[in-house]
Each structure stands twice: as C-alpha cells, then as structure tokens.
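Undergrad: Below are the chains, spelled out letter by letter.
Protein chains: 6
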Amino acid sequence: MKVKVSRKAHFNAAHRLYRPDWSDDKNNTVFGKCNNPNFHGHNYELIVSVYGEIDQETGFVIDMKILKELIKSNIEDVLDHKNLNLEVAEFKNMNPTAENIAVVIWNKLRPHIDLSKDLEVVLYETSRNFVTYSG
Amino acid sequence: MKVKVSRKAHFNAAHRLYRPDWSDDKNNTVFGKCNNPNFHGHNYELIVSVYGEIDQETGFVIDMKILKELIKSNIEDVLDHKNLNLEVAEFKNMNPTAENIAVVIWNKLRPHIDLSKDLEVVLYETSRNFVTYSG
Amino acid sequence: MKVKVSRKAHFNAAHRLYRPDWSDDKNNTVFGKCNNPNFHGHNYELIVSVYGEIDQETGFVIDMKILKELIKSNIEDVLDHKNLNLEVAEFKNMNPTAENIAVVIWNKLRPHIDLSKDLEVVLYETSRNFVTYSG
Amino acid sequence: MKVKVSRKAHFNAAHRLYRPDWSDDKNNTVFGKCNNPNFHGHNYELIVSVYGEIDQETGFVIDMKILKELIKSNIEDVLDHKNLNLEVAEFKNMNPTAENIAVVIWNKLRPHIDLSKDLEVVLYETSRNFVTYSG
Amino acid sequence: MKVKVSRKAHFNAAHRLYRPDWSDDKNNTVFGKCNNPNFHGHNYELIVSVYGEIDQETGFVIDMKILKELIKSNIEDVLDHKNLNLEVAEFKNMNPTAENIAVVIWNKLRPHIDLSKDLEVVLYETSRNFVTYSG
Amino acid sequence: MKVKVSRKAHFNAAHRLYRPDWSDDKNNTVFGKCNNPNFHGHNYELIVSVYGEIDQETGFVIDMKILKELIKSNIEDVLDHKNLNLEVAEFKNMNPTAENIAVVIWNKLRPHIDLSKDLEVVLYETSRNFVTYSG
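Protein chains in written order, with our numbering: chain L, 1 to 135; chain P, 1 to 135; chain R, 1 to 135; chain H, 1 to 135; chain B, 1 to 135; chain X, 1 to 135.
None of these hints come from the bench; they were simulated from the model.
Wrong hints could be hidden among the right ones.
[To be verified] Just the calculated beta-carbon pair ranges, DEER-fashion:
id, chain 1, residue 1, chain 2, residue 2, range
1, X, K2, P, E76, 26 to 36 angstroms
2, P, D55, H, K92, 30 to 40 angstroms
3, P, I66, L, S134, 17 to 27 angstroms
4, R, S116, L, Q56, 23 to 33 angstroms
5, P, R128, X, P20, 43 to 53 angstroms
6, X, D77, B, E90, 42 to 52 angstroms
7, P, K72, X, R110, 24 to 34 angstroms
8, P, D55, X, M1, 52 to 62 angstroms
9, B, T29, L, S134, 48 to 58 angstroms
10, B, D114, P, D55, 45 to 55 angstroms
11, H, W22, P, K72, 34 to 44 angstroms
We treat Cβ as the ideally placed atom computed from N, Cα and C, and that holds for glycine.
All chains should be modelled from the sequences, with the hints used to inform the complete structure.
TA: Spelled out as structure tokens, the structure:
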C-alpha cells in the first residue's frame, strides 16, 4: 500500500527577477515590478511530499519528525530570512523564480530521501501563485 | 525540467440546477435545494494550472502576469457577477454543475495555452465541494 | 470570568443590489456589477459570537450544540439556497448588502440569546469582504 | 469527459502510536510524544475524491449530497469523537498513523463507489501533516 | 501609539467533558459525544495577543521571538500531546471546555507579560468553534 | 445601526530591522535574522476596517469598491514590490516592524475616511504574526 505523506514548512526571503545580460527595458517588460533592483520579498509556503510503501512495523511511509528535520536543516536553514540572489549559491546565475526555487529545493532534498520513494515539492510564492515539481 | 504553475482566481455567480424536460418532482428529488427557480449563488474559487518545461532564459513555465490576464479576460469577465443559466451561452442547454463549469472553463482557456503544455482546472463551488478537470 | 464563544456557519444565496426608485444609470453607478437584474450570488460565511459568564457547573458560556442549532433553524434554514431579494421578507424593501444582512441575522438571533449575554455577527460576503455587527 | 469531484469532511478523535511488542524505550524513540499512554488527539480533516465520467443527464460525476452522506455514515459516524485505538476495530492490532487511517477510510468507502470510478482519500492529521491514498 | 501584537501557536490534546457528580444520563444529555470515557481530541489553534505602547527604540510592542518562546515554554510544553483531564493539574477538578482552557492559558501567560500591557487569548477547538478571553 | 466593514488586500515587500546607532552585536541580539543587511521579505496581508452608520439609502457603511480603490492607490501602489527601508519615506528613520508599518498604513488612509467613521488596520507579516492598530 503506497501513500503520499506531506509536510508543510515555510521561509521568508527577498529576491529580484532580472537578467544582467538584458537591457533595463527588456527586464522591465518581462519581469515588471519583480525587477526592482532594491529587491522585494515573500513568505514562501512549502509542501514536501514523499510517496512510498507504508512500513508495516511503524505504519509510517516516512517519520514526519524526520521529514520535518530534513526540511529544516536542508531548506529552512539555507533559505529563511535570506536574499536569494545574493546569498544562495544556486541563484548566483539563475533567476529565483518560483519554478527554479522549487527545482532547487527538490534537488537539495532528493539525496536524503530513500530512492524507493518519490519526492514532490509544492512552493507557494503567494497564496495566489504556486508551483509543483516532481523531478 | 517540467513544473506545474498554478494561479488562483475567483468569480461570483448565480445558478440553478434543473432539467426542463423533467417533472418538478424529479428535479426536486435529484437537485434538491439547488433547483430553486429563483436561483442561488456561490463564490467560485478557481485554480488554473499549466504544466510544461521551464524556459531557461526567463525561469518561467508561463509568466504569471500573462496567466492572470488570460483568466481575467476569458473567465472572470465572462462569468463574474453573472447568472450562469441566463447569461452564459454554454449553459443555455447544459446544467451549470461544478463539473460542467470546470469543463467550460478548461475549453475557454485551452486555445490560449501553448499545445506543448498541459492545462488543469480546479473549481471550488464552496470551500467543501470542488472539482478537477485536466482535459 | 466572561468569555466570547464563536461558532462558524455558512449559507449560499443569490442577491441583487439596486433601488427601484433610482434610474438604471444611478443604480449602475452606485452598485455596478452587483446590480445585475438576473442576480449573482455568494457563499456567505457566518461567525456568531456570544459573550458572557462561564457557567461554573458546565464550563460553557453557551453550549456550542445549542448555538449551532439556533443558527441552523433561524438563519441557515431561512437563507440557504435562497434568492434574498425575492424570498426573504426583510429584503423586500431593503437592499441585501452585507451590512443589512448582518443586521437581519443579528435581529433574528437576539431573541434566542439570554439578555445577560452580548451577541456579535460577522458575515463574510467573499473571503475579501466582510462585516461585523454587535447591536 | 472525466472529472474528479472532491468533498471535505472532518472528525475529531483520540489516538496513541505504539507497539505492545516493543520496549517503552523503543516506543519513545520511534513515536516520541505520540506514544503518550493517556492518548492525545486531532481534528482530522478529510477530502474524499471520486474520479469518473460526467453523467450527461445530471451533469454530475457523483451527486455531492450522496457523497456527503456516504462519508457521514461510513466514516464520521464510525470515527468522530472516538478513541481510535480502543474503539475502532481496525486499529486493535494496527497503529492509527495518518497513513493507516487513510487506508482504512479508503477501504470503508470503496465498496460504496461504482467500480468504474476511482477513489482518493486525503487525510489531514494537522494543518501541517497530511497523507494521500488512492488504492 | 498602542498596537495589538498577535502570535499563532498550536497544540494537540485529548480530553473528555463530564462531571463525576452527575449521572451518566445527565452527562450524556449535556456533553453528548464529548463525554466519551475513552476520550477524543483536537488540534487546538491558539492566538495570543499583547496590547500596549510601541517601544520607540525597537519599534516593537513585544518582541515576537520572546512571545513565541513564552507560548512554547508555558503553554505548548505543558499541553501539547497531553490528556488534559489526566495530565494537566488545572483540569483535575474542572471541565476542559474551550472556555476553561482559554482561561487557564491566560492565567499561565499573564505573569510573564508586563502589567502595562493587556493580554488576550483566542483558542480554536476546531476550525468552526473558538473562544476569546481577555481577563 | 453601526457596522464594521472590512476589506482584505495584500502587498509583497523586502525589509530589514536594525538601528544604525547600535553596534552589530546589539542589532543581532535584538533583531536576529531580521537584521540581515541584504534584506528579507514578506507577503503582507492587510485588513482595513471602517466602522460607522449604515447609509439608509444604499445600505453601505462605505462602498467596498471605493474602499478597495483607496487601499490600492494609497497603500498597494506605494508599498507593493518595494524595499521598505530604501524606498518608503516613512522608514528612512524608523524601523519597518509590523507595528510601525500598521501605523504608517493607518496614517495614510485616515485622511480619506470620513471623520464620523472609525478606522482599523490589521497587518499580517506572516500567517503566524500580525498586528492591529485603531488610532
């Protein structure tokens, strides 16, 4: 019996969307207000899901306490209260769009989840905008 | 890397569930309070999702500003503050159930989304009842 | 020790905002889309609060089961799946704005709540618009 | 046209996670605070989804009123305000983890849903922890 | 300039409503399903608010980090994953209704908040039932 | 009959909490992660409430469309996607704590609301932290 187990988490961060190889005009046309050079920010809400067989001894697919701790040490400690463009290595040369942040989070968590299990990341940039990545 | 990008929207509308070819008794048995001939209404909450490759230049699957505008011009402007039975062509001869409204919304949006991308519509009729249609 | 006890409820209804003694132009200017003569509708969310002394024997200000039943019989049974303008006596000659609906609900509940207790009604017309009435 | 129809419900219950064949130390290590022998409890939020063809006559995949009633009689009446370990047969010899409760709920509902339709159960143990089972 | 600062927290617990000096019949009539002798439980959501002058140097009424820690050490560590009737001294001889739990929480926090400031506790027993106590 | 009318809005912004006249050590001790010199950010959710008499002609305390527009032009256009410290005059010499932002918002809106009416601002910095200011 395979079940998907999901855990919510959150972090706050500043970011800016732009490409240094584009003109200011093109950056403004494509990224609009998100191109503010002084940055803006979000409360990112995160749902991490692990899909796999229920362990018949514990009744767990993955212990929620362990999943919570994995998210804390690999994601929250790295992204919370940070400037994504200036302080997170992956975004030095990649736009911190919700799509790209979700992929980065998935890549950071994947090595810590047993390979027999699937991993999915849902990232809310605002309560109206969110993205889902499953590898 | 394929990601699903989701955007929330909303509209308010009146509707009635019934079939003119059925007796009053049968309409009441099947549709209950939803068959009120004077109509009732809902705050419909809508989540439109587009699934596809991340554009490596922008970091977007689809620009949220464009998706927001597509929803506004094709859905909100057509359905918001309307009587679905009397004022929306698709429901002249089709019951405006949540299922059918979701299909109508999907059909209205599909021509505006690149064919390489998948489209999904989630429609909340109330916070307790909702439907999902993916084509 | 005085405590405020609150209970959520909900009903769906159709309505229209307009004054028959005004011109169409004036109705449209003041009430905009809410003046649709074919009606539109909402999922109304309701919070009813009763403020008073804790009964030392039961530990209740008011039994939630009784409050739930009072809301059902006096409010939900009267307003749910109704056209407020056409089917609710109080709105025959009064606009069913959120403000007025909240006052009507308060007036319907007040006789059923002990006079030693205060009553408050919060009514959400949408998740973005709501009103509060305390008598 | 296949649509997924979803209905929310809820129940409150007490439970305890432990294995009688394990030592107290091992139970505490694996189950932590959830191993309290005096029990703790949750407000379980449930989303039951049925996926299938829209009936062209009614516009329904499944009548929400019928789905609501199926959840009430098969799940809420059985689990609400109960001690899952002591009062629900399935958990006499199985840990009432969120994963196992979701499977039990799915098994209780499956016989009542037409075999041409798929069934999915999402169970929130808290607003931060939830599981999904699709059979 | 006086501002009210609010912080959300949560704990899970089991409880039972009954009076040992009442007959079973009377307990069942008044407390219904909440009188289950095997207990049931809830995810309690808590909002603690402190009202007072903004400190002109920090811009804080009270440091949210300090408020969060006060709630953790005085409330969450005492009530989380507990059986309120059996393990919390205040409820040995008092029914753990939402009203009484809110008063107990308020009394536990009041000594830790500067007397120049007001304290308010909102406690959600479920998402539909909640109480407010301000001393 | 006096009613409180409330409208939700939102804006995203970057900010930093610190005092230039304090040492780095003191800033870190008091403001912790919020003192990141590269900024972090939030999705601020705002509830603006106006309390006053219902206009007997319209049934409105204040037209929600007008309140929505007042919030847009005076608050959202000024704060959305901004760096509060660098781009909003009021925070050049004042810490952009939630408390101070709520007071600034109240002061910006007060001149636009009739003096016979009361004004209240609730500002969510995160879904767990929020403040209320009523003048």
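Undergrad: Work down the list of hints and note, for each, if the structure agrees.
TA: Results for each hint:
1. Judged by the Cβ atoms, the range 26 to 36 angstroms given for K2 of chain X and E76 of chain P holds: they are separated by roughly 33 angstroms.
2. About 55 angstroms separates the C-beta atoms of D55 of chain P and K92 of chain H, a value inconsistent with the hinted range of 30 to 40 angstroms.
3. The hinted range of 17 to 27 angstroms is satisfied by I66 of chain P and S134 of chain L, whose Cβ atoms lie roughly 24 angstroms apart.
4. For the pair S116 of chain R and Q56 of chain L, the supplied restraint of 23 to 33 angstroms is violated, since their beta-carbon distance comes to about 57 angstroms.
5. About 52 angstroms separates the C-beta atoms of R128 of chain P and P20 of chain X, a value consistent with the hinted range of 43 to 53 angstroms.
6. Remark: the range hint 42 to 52 angstroms for D77 of chain X to E90 of chain B is upheld by a beta-carbon distance near 51 angstroms.
7. Taking 24 to 34 angstroms as the suggested C-beta distance range, the pair K72 of chain P and R110 of chain X conforms, at roughly 32 angstroms.
8. For the pair D55 of chain P and M1 of chain X, the supplied restraint of 52 to 62 angstroms holds, since their beta-carbon distance comes to about 55 angstroms.
9. A hinted range of 48 to 58 angstroms holds for the C-beta pair T29 of chain B and S134 of chain L, which are about 52 angstroms apart.
10. Between D114 of chain B and D55 of chain P the Cβ separation comes to about 54 angstroms, which falls inside the hinted range of 45 to 55 angstroms.
11. The supplied range of 34 to 44 angstroms is broken by W22 of chain H and K72 of chain P, whose beta-carbon atoms lie about 57 angstroms from each other.
In summary, the structure is inconsistent with hints 2, 4, 11 from the numbered list given earlier, while agreeing with the others.
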